[in-house]
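Asks: Protein chains in written order, with my numbering: chain P, 1 to 223; chain A, 1001 to 1223; chain G, 2001 to 2223; chain L, 3001 to 3223.
These are calculated hints, taken from the structure and not from any lab test.
Do not take every clue at face value.
[Claimed, not checked] Have a look at the derived ranges for each label pair, beta carbon to beta carbon:
1. Asn3200(L) / Asp1050(A): 58 to 64 Å
2. Gly2069(G) / Asp50(P): 19 to 25 Å
3. Gly65(P) / Arg2123(G): 48 to 54 Å
4. Gly32(P) / Gly2065(G): 35 to 41 Å
5. Gln3062(L) / Arg2143(G): 24 to 30 Å
6. Thr1073(A) / Thr2073(G): 32 to 38 Å
7. Gly3065(L) / Gly2198(G): 38 to 44 Å
8. Asp3050(L) / Ser2067(G): 33 to 39 Å
9. Ile25(P) / Arg2143(G): 51 to 57 Å
10. Arg3162(L) / Arg2143(G): 35 to 41 Å
11. Thr3098(L) / Gly2198(G): 24 to 30 Å
12. Glu1092(A) / Gly2069(G): 44 to 50 Å
13. Thr29(P) / Asp2023(G): 36 to 42 Å
[Claimed, not checked] When the alpha-carbon atoms are kept at most 20 Å apart in a straight line, the in silico DMTMM-like pairs for lysine to aspartate or glutamate are as follows:
14. Lys78(P) / Asp50(P)
15. Lys2174(G) / Asp3202(L)
16. Lys1174(A) / Glu221(P)
17. Lys2078(G) / Asp3054(L)
18. Lys174(P) / Glu1109(A)
19. Lys2174(G) / Asp3208(L)
Beta carbons: idealized from backbone N, C-alpha and C, even for Gly.
Number of protein chains: 4
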Amino acid sequence: MDNLSTSTERKIAANLSQALFDDPIVPTTERGRRTRERLVAAAAEVFVRDGYLDTRITDISQTAGMSNGSFYTYFRSKAEILGALSDRINAEMYEASTLPRDVGLSPRERIEQVNRSYVRAYRANAGLLGIVEQVSTFNHEFREMRRVTRETFRSRIERSLRRLADTGAIPPLKHPQAAADALTSMVSNFCYVSMVLGENYDEDTTVDTLTTLWVRGVGLEQT
Amino acid sequence: MDNLSTSTERKIAANLSQALFDDPIVPTTERGRRTRERLVAAAAEVFVRDGYLDTRITDISQTAGMSNGSFYTYFRSKAEILGALSDRINAEMYEASTLPRDVGLSPRERIEQVNRSYVRAYRANAGLLGIVEQVSTFNHEFREMRRVTRETFRSRIERSLRRLADTGAIPPLKHPQAAADALTSMVSNFCYVSMVLGENYDEDTTVDTLTTLWVRGVGLEQT
Amino acid sequence: MDNLSTSTERKIAANLSQALFDDPIVPTTERGRRTRERLVAAAAEVFVRDGYLDTRITDISQTAGMSNGSFYTYFRSKAEILGALSDRINAEMYEASTLPRDVGLSPRERIEQVNRSYVRAYRANAGLLGIVEQVSTFNHEFREMRRVTRETFRSRIERSLRRLADTGAIPPLKHPQAAADALTSMVSNFCYVSMVLGENYDEDTTVDTLTTLWVRGVGLEQT
Amino acid sequence: MDNLSTSTERKIAANLSQALFDDPIVPTTERGRRTRERLVAAAAEVFVRDGYLDTRITDISQTAGMSNGSFYTYFRSKAEILGALSDRINAEMYEASTLPRDVGLSPRERIEQVNRSYVRAYRANAGLLGIVEQVSTFNHEFREMRRVTRETFRSRIERSLRRLADTGAIPPLKHPQAAADALTSMVSNFCYVSMVLGENYDEDTTVDTLTTLWVRGVGLEQT
DNA sequence: CATGAATGAGACTTCATTCAT
DNA sequence: CATGAATGAAGTCTCATTCAT
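Assemble the whole structure, with the sequences as input and the hints as a guide.
Replies: If you want it as structure tokens, here you go:
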């Protein structure tokens, strides 16, 4: 996974659920596509409101304004429709935390930018990210999806750390992968705790705190 | 929560579930106490093996070698027996990460020590901590329990950061609470990801990585 | 209750259960309506045969020739399906004991007629009336339903007694309401004891006895 | 049953449950007798408070301040302890409605007296009488007990009616047994409805109303 | 395709009764 | 006898999934 090219990464981020579930049921007509879309939107609403476990298929189809049986025309299970939602979120989170290459920023500025857009994207999707987190704790497919997503982030950070070390910007790290893992945990879990469990810090505080601990932590910036 | 005395904290850590669930059912006889204990042990085993959701009451009582109804002699629900387990783990985690006051160590050494015993305690209880994490994502009582536990850790770190800043050991922090939260996330989620989701880094790597990012991050140690 | 218009009374008699239980589940399709009807018929059969308490949901759905879960498509509980049955019986009993206004009969003849149709309706529904009586002794909703039904009858009798006294047909009663209550008890409980508990007197004996005690009792007829 | 001597009647009234249940378990020691008594008292309290069906054996023994298992030292079932309570009540009701032979009262005065003491006794035991009524609707033994008790009352009234007719005090009745049944229903059900289901009329109103309808109804008294 | 009814497996929970101490 | 723990049968109810129209 460490050596994935960026374009492969992007594909994975956008279609992870297809690798883990059966091929999606594709509607042929335009009308069918819209119906499917209504279900996805309804699922997002109900999942966030009631949690994954307390959501019944019926709740989704009723919220989408259709009958019970119609759900199965488009999805085989509750997990599958969440998979469809996850793909979108994963793609968005991935894009959000991808910086254009050539924007002449200092390392600290780059890190801060990435953190900021990650935090923004997290906040925008906090509800569903909480659901995915929830489902990851007991569903194999989603656990795997979460693992892959995390690895994408972690390996990107790891590469960045190695680059910084190679260029002498920071002192060499004893365990670059572990450090990248720790930073991933710090950022993602901080967002989870503050935005899913409680709604606490404002964006600037969050970004500033995470960025400062990060850059100092890897030795990029002396006090 | 910031002003809790240590003894209050300890009490909370050990009895959190009692505040969130009904009073526990207390056996009168020695025989009863042993039966209850058998159930708790069985629950730990089954929860870790099958996950909370896939565990049926029957699995627990059968593993404990008794009839179905006996479970209800001691617990009202699956959540309640997990509450009993949580109390033990919370107490252990709390003790593990508490250092004797007067052990002439440098700040970094103190932080490293606390991290090491936390990591050890986490590893020792990884299975059940994973379960508690899981249940916290959908059960109100456990979410609250998790919040309180986390706050205990976070506020301890925050106090330590303020002390370090007061003594000039580190530069003042713009957001001590947020920083403490971020460090809590880094440590606890790193442990969760590596010990519950995968079994990755060895103890020294873990402790070293977390400690280094921490002490540098707060500006305690220049490179 | 004394001032209820007749049409209101009739409505109450026919829909009492709706006031006491949640809104009924209404099938959309013809097929659904038939299924629901099969369940109601089966319930009547099983209740009368086995009694309310010994009837299990399973007995009803099996007697109706369908699966267990189908019951819950139409009723939320055993009480609710009995409520549906009660509405029908209440309506029938109410209609049965309602005389067309302008049938040039003497007071005694009117009373005898009402008694006769009440007795007939009671006999026709004795089985289920016994069940409702049974359930009224321990179920709040049915106790209330029974109270309202009884009050309907009692207040009708009371009005009739006051009218007779006003016209000088009978001497004034010291306690018209209590007298109406006593007559209600005499008639309804006589029917209950003879038709539900034992199958004793023939219709003429019953009607003659009740009517004679009634008309003499209120002083309508001298020996 | 019509020809039972008074002494036989009294015995039956006092020990009906023994004829319907197995021989009671008789405590040998004084202490045992007191324990049994505590259970009976507790049962009365709990039955009236919670109803027969919602009363668990545990509730009774706990209210009596003893352990679960002790109940079975004295009674084989919930029905059996209610049987013990019924015997007492039956005896009391029977005695209450028995007049000393030679008290030189007019027929109306005798009837009024009997009604009054019946009403008083009913009120004194309304709670438990309601319970017995309840249980009679679904339990064979109690249904039988209730039938016998009722027959005792009814046949007494019937004999009285026949005597009155023989002496010319009232005109001959076409159906003395049915009339006696109707009067029994009127009195007992009036008491049930007003004292068990609602607490309505005062004693004088009750006695006066019932007595007047009764004496006029049988033609004893012209208006 | 859409609808909504039908299915049935499966887990929970209660509590009378029996037992071991 | 007293105690309180242990048993296990039974019935309720839910809901994902399948089917008939």
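Asks: Checking each numbered hint in turn, tell me which of them this model violates, lowest number first.
Replies: none
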